[in-house]
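> The residues making up each chain are set out below.
Protein chains: 4
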Amino acid sequence: MIRIGVLGYGYWGPNIVRNFRSLGGCEVAMVCDRSPAALKRLKQAHPDQAVTTDPSELLTSATVDAVAVVTPVCTHFELAKAALENGKHVFIEKPFTSTTRQAEELVELAARKNLRIMVDHTFLFTGAVRKMRQLIDEGVLGDLYYYDSTRVNLGLFQHDVSVIWDLAPHDLSIMDFLIQDKPDAVVATGEAHLNGHVDVAYITVYFPRNTIAHVNVNWLSPVKIRTTLIGGEKKMLVWNDLEADEKIKVYDKGAQMNNGQGLYELLVSYRAGDMWAPRVEQTEALKVELGYFLDCVARSEPPLNDGVAGTRVVRMLEAADQSLKERGRAVTL
Amino acid sequence: MIRIGVLGYGYWGPNIVRNFRSLGGCEVAMVCDRSPAALKRLKQAHPDQAVTTDPSELLTSATVDAVAVVTPVCTHFELAKAALENGKHVFIEKPFTSTTRQAEELVELAARKNLRIMVDHTFLFTGAVRKMRQLIDEGVLGDLYYYDSTRVNLGLFQHDVSVIWDLAPHDLSIMDFLIQDKPDAVVATGEAHLNGHVDVAYITVYFPRNTIAHVNVNWLSPVKIRTTLIGGEKKMLVWNDLEADEKIKVYDKGAQMNNGQGLYELLVSYRAGDMWAPRVEQTEALKVELGYFLDCVARSEPPLNDGVAGTRVVRMLEAADQSLKERGRAVTL
Amino acid sequence: MIRIGVLGYGYWGPNIVRNFRSLGGCEVAMVCDRSPAALKRLKQAHPDQAVTTDPSELLTSATVDAVAVVTPVCTHFELAKAALENGKHVFIEKPFTSTTRQAEELVELAARKNLRIMVDHTFLFTGAVRKMRQLIDEGVLGDLYYYDSTRVNLGLFQHDVSVIWDLAPHDLSIMDFLIQDKPDAVVATGEAHLNGHVDVAYITVYFPRNTIAHVNVNWLSPVKIRTTLIGGEKKMLVWNDLEADEKIKVYDKGAQMNNGQGLYELLVSYRAGDMWAPRVEQTEALKVELGYFLDCVARSEPPLNDGVAGTRVVRMLEAADQSLKERGRAVTL
Amino acid sequence: MIRIGVLGYGYWGPNIVRNFRSLGGCEVAMVCDRSPAALKRLKQAHPDQAVTTDPSELLTSATVDAVAVVTPVCTHFELAKAALENGKHVFIEKPFTSTTRQAEELVELAARKNLRIMVDHTFLFTGAVRKMRQLIDEGVLGDLYYYDSTRVNLGLFQHDVSVIWDLAPHDLSIMDFLIQDKPDAVVATGEAHLNGHVDVAYITVYFPRNTIAHVNVNWLSPVKIRTTLIGGEKKMLVWNDLEADEKIKVYDKGAQMNNGQGLYELLVSYRAGDMWAPRVEQTEALKVELGYFLDCVARSEPPLNDGVAGTRVVRMLEAADQSLKERGRAVTL
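Respectively, the protein sequence lines represent chains A, B, C and D.
Per numbering that gives the first Met the number 0, the first sequence starts with residue 0, numbered consecutively.
Per numbering that gives the first Met the number 0, the second sequence starts with residue 0, numbered consecutively.
Per numbering that gives the first Met the number 0, the third sequence starts with residue 0, numbered consecutively.
Per numbering that gives the first Met the number 0, the fourth sequence starts with residue 0, numbered consecutively.
The reader is advised that the hints may include incorrect statements.
Which copy is meant is left open, so a pair is good if it fits within one copy or across any two.
[To be verified] Below are the BS3-like pairs computed for lysine-lysine, each with C-alpha atoms no more than 25 Å apart in a straight line:
hint	residue 1	residue 2
1	Lys233	Lys248
2	Lys112	Lys223
3	Lys233	Lys223
4	Lys233	Lys181
5	Lys112	Lys324
6	Lys80	Lys112
7	Lys248	Lys130
8	Lys130	Lys286
9	Lys181	Lys234
10	Lys181	Lys130
11	Lys112	Lys233
12	Lys248	Lys223
13	Lys234	Lys39
14	Lys234	Lys130
15	Lys80	Lys42
16	Lys181	Lys286
17	Lys112	Lys42
18	Lys248	Lys112
Since the hints were made in silico from the structure, they are not lab data.
From a predicted model like this one, the values you see are computed outputs, not experimental measurements.
Next comes chain A alone, as it looks inside the complex (with noise of 0.2 Å):
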């Protein structure tokens, strides 16, 4: 029986609090959030869970064997870090922390304390994701092209972040998870209309072979997109997260070189075929990333979305962040 302590009752809190509840093989021990409004909130949906406003309580307390860190990024570092000094596993919101620097050393940290560390990148988690890994795997869409994502939408979600930080974890981590190779240089462009937080932003990342990956991400569009295209050399494919069904599309469509010659001749011929759309899991993502991390605990296994992994998304938005300011010069990784 795994012992969790919840830090931060927030927006994204009550789901972990409702999933832990639900899960066999742990119980919730503490929440905490220094906020009444917040407690009020839980008690109404928990009446009997133990609660507290003090961090340093739910941190040092021989109860808790586990800490969910669901607090805004800025305080990440600090919380994660007395977590792991207290002999606490850790499962902390994305991003995992404020810097690369950061992520090392809480890295480093939780070896040496042979800890688990879980960065909380749910999409991995999700049918769609998952499916789209092993399309890739089995290697039915062949070498990969690109990787194209959209995710817009009105407003934000974190307010003391850009958009960069807010929705590009997503992308990023999902990309990390697909693509499987070493980013070589981040290229950001974005602009800031509203408060000083940049808004909209447009991110390329340069992979190894000719691999390259796109997100776009803004808090100022009038529709919610969330569409990403996969070009493969054998295959292209489409997952649109917002269909309730056939959320993905395999095309049979590519395109190749010819042995044509002369000035005039088309040297490129394109194929199209088929289109299917597999089925895809439908369970609650996040249900599947806290049972995996209970495992992972138990087992003293580091999870695929480990402090490593996390480093690497958070050093590709420090990057995105310094190319936007430098107005597109590549940052190299």
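With the hints as your guide, set chains B, C and D onto chain A.
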């Protein structure tokens, strides 16, 4: 009666010939194509049309007042220059020329000879683009925050250029028409996967006063997308050119700064109201444009899509090429 | 403080219990379900809720003022009758009863005992249906020409009835609310393919003055559709309930008679203008409805979706059954 | 070389002329239209085309082997009869004739004179309908449960008939081609709102073995819909003819009976798997059909869309009219 000579009867030429033939106030005096197969297709559609396989015959003909150059980009400069030197007005496919220097030389030559140049930025004559310009001019959108276009499909439309020179001229000319401001700098990223020509590209154009534009062009997309988001201070719109009706949707949505204080207070508030799809004229844009060309020639007036406008687009294309080669270095315009 | 007893905790019961518990002015005194598994689910969600497996305990309890009947249709009459006889107000799932005669008996009984009946026509409390009613009341649509609804999906929601009694009550109650006219006759066709229950059905309802309504319900559709077209003399609308936003689109389109003469002249002309998607309230309809039920009980006022409205819907369902059995014979209402 | 005479150059005639002119193995010997405006349009497109304003000239011409009747329905019988009596094969617009009796008379006359009749059921020659027929023939869908078509838009296409005779022939001919079974009875409802012609109609066709078909046709719809659902025992499909690609989506979905016992047990279970959009040929259906007409004439073979097929459709149209007049009474075929 303006007498037109048409150079090139490949992909787009038939539309030029058909439309000029259907307009009053002009006649198609001659059509030239080096390919016998092209001329055979022409004869099937228009048995009475005078033809030639020799461009110089057309360019020097005393019965031609204006030349439509509908040939590959790499031939534009030479053919248009010859036409102007022979005292012919010029209607020319986009992109105008292969280099800014060529474009400027043609503009200067036309001015000296008091001849008209019109670059075929067809989209400026569609009901949709006209309606968007009207909404901007009337202040409906307020200050422009961003212009974000996705123009992707499977396959190329021109063999001798990259996807940037093939597809982006549409977006750059529309953007030039709508934003009506001088761009500062261009950042481009992209990759070539098949035959050395870049087939996936992302272009950011920085404008003064925080307006940012972005163009996503791709020849390797399994689906065809023609969608542009425009965000304004007061309203936002989506233009989906693949919709049969309701091409433009105007959203009464926006974000504004609050006078909030305190660390955790929401400083930006979002507003969502009705959506409105204004009726858009359905006339054939090319026919409108060609009629306007005849008017400009008859009245000796510069068209809005004159050589100067064409030069602005070529300058951005050149800058994009340069930036892409240097992996996103901002190229100042 | 109105004390509610809830009979039935199957598919819909949890929503009733959750919403009543969240509303002020009432308390859920008791919940009854014969199934131990159902009560176990209830206890997980609401550990403090008083329960029983004996309906009579609830129906005769002195601590219950009103009973929510959330059980299969075939039990509605008996349970509602017992509730009324015990002096309880009744909130009851749609369809109201299995026969018109039962419905009329309950209405009469409630009137004699001065008790309220509300039939759960939830859709009448959605922002979309409210907005359509407003557009009709304000004359925006003009005289109604037709109401045409498609409500199809894979799978049934109720086991003991046909697709007509399962899905059509939604459309018939909405139509009753919007058209506000007494229907003349019902024609229905359909077929059973699996277990003897009709699973595909088409219902036409004739109203006075050329207004016609049609409902397409189907349990064997590979896709889920929830679309209603309403044609009016002045404007037309499409309600797509599966759209997240823009559920209602109002079209400035219409047809009108010309004063044309002569055999070949076009006597009807068509008009197409802007489209407009009014913002629709997003509140949870069931919560609004249950709050309204409490108000009606407190004020001793008949709800708009009272037993009489429920009877009108049951009468149309009975007529549809009868017509379908006779392969489309019009059944006069 | 088959010599074609075309009667009528209104809405559809230009497509007939253009396609016959582009096909090998035939020539368009003469085109007839009483309207000088129509002939002027013809001359602009085809300056060399022989024309006449006198139908008898065409019908009795020794240089005409086959007549294409592309005139209003009310003239079909008389013109086709004259053509057959003069020994000409007949290609004729849908619907074949105004009455079943006329259709049967033409079929008999053609048989006696050993001439071909082809009714222009163009959809049977589209890639989409061909693909659906193939899926049915190969048993992919299994036994057919239902065929449900919605064909609605704003405006009429033919002035002299109701929406049933204007739009439903498409669906009835496709259904006749796909279901390949003799229908039992027709039920129709509908209403006229403007000039006395029914403009909204719903047609149910009963087939043996529980197969049911339904057609929803409407001239007063604000949106254009061309969607058909086909439910089979093994698989189901959606045909959306307005999709540029992916016109047909085949769903691995179904329902089947369980051997369950007991009152509350679910006796039907539902299955949902992958979706698959087979590539559909994009050739122009009319061109394929006209080429097939020439083949049938050359080989003296009856086309699949012969006069007998046309008669089957007219019989259903007549039955629908009759049923609609009697408010849904089932008319046995």
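> Checking Lys233 and Lys248: alpha-carbon separation at most 25 Å within a copy, between copies, both or neither?
Result: close both inside a copy and across copies, 14 Å intra and 22 Å inter.
> When no copy is named, should Lys233 and Lys223 be tagged within, between, both, or neither for a Cα gap of at most 25 Å?
Answer is between: at 18 Å across copies they meet the 25 Å cutoff, but 30 Å inside does not.
> Between the shortest in-copy and the shortest cross-copy C-alpha distance, which are at most 25 Å for Lys112 and Lys233: within, between, both, or neither?
Neither. Shortest intra-copy (45 Å) and inter-copy (54 Å) distances fail the 25 Å Cα cut-off.
> Go through the copies and call it for Lys234 and Lys39: within, between, both or neither, with a Cα cutoff of 25 Å.
Answer is neither: 51 Å inside a copy and 38 Å across each miss the 25 Å cutoff.
> For the identical chains here, do Lys130 and Lys286 meet the 25 Å Cα criterion within one copy, between copies, both, or neither?
within (18 Å within a copy, 38 Å between copies)
> When no copy is specified for Lys80 and Lys42, does a C-alpha distance of 25 Å or less occur within a copy, between copies, both, or neither?
For Lys80 and Lys42, neither the intra-copy (28 Å) nor the inter-copy (38 Å) Cα distance is at most 25 Å.
> Within a copy, between copies, both or neither: which one fits Lys234 and Lys130 at a CA-CA cutoff of 25 Å?
both (14 Å within a copy, 23 Å between copies)
> Checking Lys112 and Lys42: alpha-carbon separation at most 25 Å within a copy, between copies, both or neither?
neither (34 Å within a copy, 40 Å between copies)
> Within, between, both or neither: how does the pair Lys181, Lys130 come out at a Cα-Cα threshold of 25 Å?
within (22 Å within a copy, 45 Å between copies)
> Pop the pair Lys248 and Lys130 into one bin, within, between, both or neither, using alpha-carbon distances up to 25 Å.
both (11 Å within a copy, 20 Å between copies)
> If the cut is 25 Å between Cα atoms, do Lys80 and Lys112 qualify within a copy, between copies, both or neither?
within (11 Å within a copy, 68 Å between copies)
> Check Lys233 against Lys181 for me: Cα-Cα at most 25 Å, and say if that holds within a copy, between copies, both or neither.
within (22 Å within a copy, 42 Å between copies)
Against the hints set out earlier in the document, violations occur for numbers 2, 5, 11, 13, 15, 16, 17 and 18.
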